[in-house]
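Q: Based on the hints, put chains C and E in the right spot on chain F.
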Amino acid sequence: MNAVLANQKASPDALVQVRGLRTRIGAKTIFDGLDLDVPRGSITAIMGPSGTGKTTLLRHITGQLRPDAGSVIVDGEDVPKLSRRALFDLRERIGFLFQNSALLTDFSVFENVAFPLRQHAKLPEELLRNIVLTKLQAVGLRGAAQLMPSELSGGMARRVALARAIVFDPMLILYDEPFVGLDPIALNQVLRLIRTLNKTLGITSILVAHELAAIRQVADRVYLIANGKLVAQGAPDELAHQDSPWTRQFFGGEADGPVPFQYPAPDYATELGFAERTR
Amino acid sequence: MNPRPSYAIGTGLFILLGFAALAYLATQTTSVANGIASGNTYTLKARFQNIGQLKARAPVKIAGVRIGDVQSIALEPQRMDALVTLSIDKQYNDIPDDSSAAIFTSGLLGDQYVGIEPGGSPTFLKNGDEMVLTQSAMSIENLIGKFLVNGGPKSSSSDSAPASSAPPASGHP
Amino acid sequence: MNANLRRNWLLQGIASVGDCGLFFVAVLGALPKSLRHWRETCRQVWFVGAMSLVIVMTCGLFVGMVLALQLYYTLSIFGGTAALGTVVALSLFRELGPVVTALLVAGRAGTAVTAEIGLMRATDQIDAMGMMAVDPLAYVASPRFLAGVIAMPLLACVFNAMGIFGGHLVGVTWLGLDNGTFWGNMTSTVSLHRDILDGLYKSIVFGGIVSLIAVFQGYTAPPTSEGVAYSTTRTVVFSSIVILAFDFVMTAFMT
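Residue numbers (the working numbering), protein chains in the order written: chain F, 78 to 356; chain C, 138 to 310; chain E, 17 to 271.
Please note that the accuracy of each hint is not assured.
Claimed, not checked - Covered by chain E, per the in silico footprint, the following chain F stretches (three or more residues, Cβ under 8 Å): (1) 155-169; (2) 191-200.
As the list claims (entries may be wrong) - Think about it this way: if two alpha-carbon atoms lie no more than 30 Å apart in a straight line, the pair counts; the simulated DSS-like pairs of lysine-lysine are: (3) C/Lys-192 / C/Lys-263; (4) C/Lys-182 / C/Lys-198; (5) E/Lys-49 / F/Lys-158; (6) C/Lys-227 / C/Lys-182; (7) C/Lys-263 / C/Lys-198; (8) F/Lys-199 / E/Lys-49.
To be verified - Computed, partial: chain C to chain E, Cβ under 7 Å: (9) Tyr-161; (10) Leu-162; (11) Thr-167; (12) Arg-194.
Quick caveat, the hints were computed from the structure, so don't treat them as lab data.
Where a beta carbon is used, it is the ideal one built from N, C-alpha and C, also for glycine.
With the rest of the complex left out, here is chain F (with noise of 0.2 Å):
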């Protein structure tokens, strides 16, 4: 892991590489100058306060997004470049675990993880089955198959979604916040799955999340952004060793620090009106 860490600038087995990202949306910047690399089969963490555009970063990797600036490469091809044909043969090959599920709401649980299939691939009836059931499996909802999505849980709903992003095996998987809203239990059913799926097929993962305990049992590597760049990384157990203000507010969970407490702000007296009184 540490051998990953030293030539971090150009890997050369990177799955994703990120370089001079700038993104605006509205009058706020939100990437200015980011550079990051994936390598192949890690699991990798993104971590940052709300708001630092992470979410962000996982639809620029996606090409749902074109930053302003800068390259997003995947598995060797310049995303942002991408016509709409080559970007959508790309997804194919990628799997987005959506932080709410985004089930489609009128379809049963086996459909929803048929829905790629039926729309990609003209497979017999009967193989299509099988491929569906050996994904539920996985997620260990095979019984769940007839329900509706509107009939689970949060932390069913995730494994369905789950079970639908890998039904193409894909080589890459991004997970919008997978652990949000869910119960102990269900975190690390949640957890063994990211991890198995890493282990057992290879797939490159990239997570955004905030539980920092949950992602010191998976992630490889740990990207802390904050201000529109990488202020941070390094595995996760050595980041929160690391003696920046970052990390330290960040895995310190300290309420002030680089990231104010108060959101800017004209001067409290001024606007309170004592500035004048006083003068």
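A: Same frame as chain F, but now just chains C and E:
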């Protein structure tokens, strides 16, 4: 296994119902309804000096009962009169061949129709025959004109509302 | 300030009309691809058409009945009650059938489509489709648009048939008009081409309008509950306005 068949059937039924409604409207409420028995009609011809406002598909009646409709109206160039082709329901195949055809107006301002006045001949009109005795459309303008010229002084005694009320009285021959 | 605001508002209105036009082109462009999703189109026809049958049939019946009552009263002033069947049929086929059906569908199915797509957006389902390399335009927008174009004329036909039935019920059964007069006058005047088909063309266009507006509003709805609610309202308001405006234009062209 999957829920498709149910709404596939529903959709199919809906589309069929929609087309059934269209077919119903097209056949039952339009002039197609009149011509629908086209296999069960025969045609007669009649010449008129003046057909007035008669239109194709106007009804043909005997004693006020509808027996067919006007199939087509054409101008005969040599004789400069209107050749009206009538299509008559086959079940009324016993119209005497000395019957006369006339163009009437239903009501004061209603549509015009062809009325057939049966004659007394023992032989009947056949498909393609022409009715010899015809009477042209009554033109209200002409009637008013005649009334003003001829009948004006006669009825001036008690009429406060003149011309307009008189023509229908004389419109029933 | 106020003038500035108003100009802004006007510009925004023009811009959203432009957006809608571009969206229309995009939906049309996605139509060939959406033929692969014919099952989805079929499901939408069921949803837009078959599910609207009850309301359309009920309203058609009552519209026919009230037309017959009103027109009987009016026609009796002129002694022309014999023309009742004709007048009921013509008003239904040429005007009320297409327009009222379109308004009903905008209220019944258009709002549902807007809310559905708006919620699909809010819950990332649209994005999820994009991530599964399924073009959401071809899978979500075009089938719904196509379904509206298919279902609307059929619904209008059902509406018309029910309206004629209602008019017959009132005119003949209750008001004692002669059955033969009712039908005879109708059949001798109503033309398949000029009246029924013109009405159908209208309702095909209305179907396109309603479903385009509904899908567009859903697609551009802000992903909040308030945003979806506003968009649903806008669907009804805009559909109604555009339908009536187009009705006038089309009538002017057709007659």
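Q: Please flag the earlier hints that this structure goes against, numbers listed from lowest up.
A: none
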